[in-house]
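A.B. asks: Sequence:
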Amino acid sequence: MTNALQRRLGLLAAFLIGSLVALQSHINGELGADLDDGVVAAVVSFGGGLVVLTIAVLCSKTIRAGLRDVRGAVHIGKLRPWHCVGGVCGAFLVACQGITVGTIGVALFTVAVVGGQIASSLLVDRAGIGPAGVSPVTTTRLIGAGLGIVAVIVAMSGRLNGGLGAVGLAILPALAGIGLAWQQAVNGRVGAVGGPFAASWINFAVGTVVLVIVGAVAVLFKGWPTGWPTDPRLYLGGLLGIGFIAGAAVVVRWIGVLLLGMASVAGQLVTAVALDALAPSGGELTVTVLIGCALLLVAVGIAASQPVREV
Numbered sequence: 005m006t007n008a009l010q011r012r013l014g015l016l017a018a019f020l021i022g023s024l025v026a027l028q029s030h031i032n033g034e035l036g037a038d039l040d041d042g043v044v045a046a047v048v049s050f051g052g053g054l055v056v057l058t059i060a061v062l063c064s065k066t067i068r069a070g071l072r073d074v075r076g077a078v079h080i081g082k083l084r085p086w087h088c089v090g091g092v093c094g095a096f097l098v099a100c101q102g103i104t105v106g107t108i109g110v111a112l113f114t115v116a117v118v119g120g121q122i123a124s125s126l127l128v129d130r131a132g133i134g135p136a137g138v139s140p141v142t143t144t145r146l147i148g149a150g151l152g153i154v155a156v157i158v159a160m161s162g163r164l165n166g167g168l169g170a171v172g173l174a175i176l177p178a179l180a181g182i183g184l185a186w187q188q189a190v191n192g193r194v195g196a197v198g199g200p201f202a203a204s205w206i207n208f209a210v211g212t213v214v215l216v217i218v219g220a221v222a223v224l225f226k227g228w229p230t231g232w233p234t235d236p237r238l239y240l241g242g243l244l245g246i247g248f249i250a251g252a253a254v255v256v257r258w259i260g261v262l263l264l265g266m267a268s269v270a271g272q273l274v275t276a277v278a279l280d281a282l283a284p285s286g287g288e289l290t291v292t293v294l295i296g297c298a299l300l301l302v303a304v305g306i307a308a309s310q311p312v313r314e315v
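Going by the numbering used here, the first residue of the sequence shown is number 5, and it counts up by one from there.
Please keep in mind that the hints were generated in silico from the structure rather than gathered at the bench.
Don't take every hint at face value.
Computed beta-carbon distance windows for the label pairs [as the list claims (entries may be wrong)]:
1. 223 <-> 144: 47 to 57 angstroms
2. 66 <-> 216: 23 to 33 angstroms
3. 80 <-> 298: 45 to 55 angstroms
4. 60 <-> 223: 40 to 50 angstroms
5. 144 <-> 9: 15 to 25 angstroms
6. 58 <-> 223: 17 to 27 angstroms
7. 72 <-> 223: 34 to 44 angstroms
8. 76 <-> 150: 39 to 49 angstroms
9. 147 <-> 228: 41 to 51 angstroms
10. 55 <-> 226: 22 to 32 angstroms
11. 233 <-> 60: 19 to 29 angstroms
12. 235 <-> 281: 13 to 23 angstroms
Quick caveat: nothing in here was measured; it's all calculated off a predicted structure.
Cβ atoms here follow ideal geometry from the backbone N, Cα and C, with glycine treated the same way.
Working from the sequences, and respecting the hints, build out all of it.
C.D. replies: Rendered as structure tokens:
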């Protein structure tokens with residue numbers, strides 16, 4: 005496969021990964037609203053994904069061999085222990101889905117996540133944390149990242165009349181987006197050693213442990229949800245998570261963290277706007293949110309116009 009073809013396929017795959025992220029946000033937001041507990045909804049989502057991946061591990065010699073390879077790489081220092089804890093950031097992202105989407109909607113949630121992701125991806129690529137190596141901070145990338153941050157500010161400006169609570173709900177996914185870039189980078193390194201499904205299992209195992217601990221504390225104060233929704237669609241968040249975590253672990257090796265983040269933005273935005281327009285889960289699809297989405301798409305085009313170079 006030529007570098008140009010690999011880059012085009014990587015950008016297309018990243019778009020589809022972004023669509024899965026937006027769809028998962030919509031589903032987990034609905035589940036969190038129905039349960040009135042975003043953390044428990046996150047436990048269900050992450051835990052469901054872990055169960056499916058554990059079954060896959062038990063049935064696949066290849067995945068088990070990949071996990072052994074990861075353990076060996078950590079032992080000899082090829083991987084650092086902190087490379088294996090990307091699931092912590094994934095857990096925070098999923099918890100934010102359950103907590104905020106039901107109030108602010110998928111589109112604004114996505115814009116906030118993406119803004120944090122763009123800014124963080126630039127630094128993560130420059131530091132060489134991802135498996136693609138170090139990527140230079142060029143003028144083109146700075147312009148794309150800067151425009152992405154402006155887009156978040158524009159999209160959030162329509163929520164200022166909702167008070168600090170509404171702004172705070174939008175800031176949470178922005179913080180999750182900052183962690184998402186780092187998660188994709190370290191999962192990519194783990195995936196380069198053990199394969200995408202080994203990386204996904206480790207991601208889900210770490211994230212589930214974190215969420216179970218946090219969820220147990222929350223239940224002590226808030227109590228267990230009194231009723232569970234009967235719509236099976238609301239329990240598919242974990243399966244969607246497997247799709248984009250495993251996919252990102254592969255694609256990040258082809259196009260780097262920044263381009264993975266930027267190209268997936270397009271998929272997230274298009275899907276998020278469609279979901280908020282056709283099946284709104286909360287908030288309102290305002291003019292400022294739409295303008296923010298349009299600016300982010302322009303930012304994607306600017307940042308993706310320059311090929312990834314390792315230095």
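A.B. asks: Next, verify each hint and record whether it holds.
C.D. replies: Hints, one by one, checked against the model:
1. 223 <-> 144: 47 to 57 angstroms: Cβ of residue 223 to Cβ of residue 144: about 48 angstroms, so the range 47 to 57 angstroms holds.
2. 66 <-> 216: 23 to 33 angstroms: At roughly 28 angstroms between Cβ atoms, residue 216 and residue 66 fall inside 23 to 33 angstroms, so the hint holds.
3. 80 <-> 298: 45 to 55 angstroms: 48 angstroms, holds
4. 60 <-> 223: 40 to 50 angstroms: Given about 29 angstroms between the Cβ atoms, the range is violated.
5. 144 <-> 9: 15 to 25 angstroms: 22 angstroms, holds
6. 58 <-> 223: 17 to 27 angstroms: 23 angstroms, holds
7. 72 <-> 223: 34 to 44 angstroms: 36 angstroms, holds
8. 76 <-> 150: 39 to 49 angstroms: 42 angstroms, holds
9. 147 <-> 228: 41 to 51 angstroms: Roughly 49 angstroms apart at Cβ, these two residues keep to the hinted range, so it holds.
10. 55 <-> 226: 22 to 32 angstroms: 24 angstroms, holds
11. 233 <-> 60: 19 to 29 angstroms: 26 angstroms, holds
12. 235 <-> 281: 13 to 23 angstroms: Roughly 21 angstroms apart at Cβ, these two residues keep to the hinted range, so it holds.
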